[in-house]
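Chains as they are written, first to last, in my numbering: chain A, 232 to 340; chain B, 22 to 137.
Hints listed in this document are in silico derivations from the structure and should not be mistaken for laboratory results.
There's no promise every hint is true.
[Claimed, not checked] Derived lysine to any residue pairs resembling SDA-like cross-links, with alpha carbons at most 20 Å apart:
#1 Lys78(B) <-> Gln233(A)
#2 Lys327(A) <-> Pro82(B)
#3 Lys125(B) <-> Gln276(A)
#4 Lys125(B) <-> Ile287(A)
#5 Lys327(A) <-> Arg90(B)
#6 Lys288(A) <-> Pro340(A)
#7 Lys240(A) <-> Ser59(B)
#8 Lys78(B) <-> Glu326(A)
#9 Lys288(A) <-> Pro82(B)
#10 Lys125(B) <-> His281(A)
Each chain, written out:
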Amino acid sequence: AQRVTQPEKLLSVFKGAPVELKCNYSYSGSPELFWYVQYSRQRLQLLLRHISRESIKGFTADLNKGETSFHLKKPFAQEEDSAMYYCALRYFGNEKLTFGTGTRLTIIP
Amino acid sequence: GAGVSQSPSNKVTEKGKDVELRCDPISGHTALYWYRQSLGQGLEFLIYFQGNSAPDKSGLPSDRFSAERTGGSVSTLTIQRTQQEDSAVYLCASSSHSGQGSEKLFFGSGTQLSVL
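Whole structure, please, built from the sequences with the hints as guidance.
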């Protein structure tokens, strides 16, 4: 079964400090990994996807198949990064997108 | 154009009553998803529709839950004989399925369901 684990429900980081949100997934086949973000009073939206190898709002995430991880990182946190972050997983050929339980990130000014 | 639209935005009901939640996906999007968002549970997959294919109902928690999608567009999620544990935010999302993977999901603002 597809499973996504986000071990931290809450994470607080000082402004300017590095951020790392952890995500691990169960392995079976070829995974597609995503990070979705929900800012206060806004809709859930895509932040980035591993297949694009992009940096969005300073965030990056590298798929590590050996460790089955897809941690989200940013070198210098900003106050506007405070939000709920969800890691999500889908396998090629299966359209069901499975989400983790989410991590609420709070940036301390 | 408009994004994914959900109605009502809030619904308060009594235990045992039936409720219907509506989702209008983005025009032209063939894929439609329902998720349930509750504290500590993250986003729980409920059901997925893709075009005229049989829906993936594997996430529906009980036979009190059902969903349909008419004309490949609007979808209705129905919860019969609601229970207090059904209280949650119900999110709908749509995407343009191309079969190439990595399609972005566009989410609605959700329906907050409260069962008293």
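Okay, the hints, checked on the actual structure:
no. : hint                    : verdict
1   : Lys78(B) <-> Gln233(A)  : holds (15 Å)
2   : Lys327(A) <-> Pro82(B)  : holds (16 Å)
3   : Lys125(B) <-> Gln276(A) : holds (9 Å)
4   : Lys125(B) <-> Ile287(A) : holds (15 Å)
5   : Lys327(A) <-> Arg90(B)  : holds (17 Å)
6   : Lys288(A) <-> Pro340(A) : holds (18 Å)
7   : Lys240(A) <-> Ser59(B)  : holds (13 Å)
8   : Lys78(B) <-> Glu326(A)  : holds (12 Å)
9   : Lys288(A) <-> Pro82(B)  : violated (36 Å)
10  : Lys125(B) <-> His281(A) : holds (12 Å)
Hint compliance for this structure: hint 9 is the single one not met.
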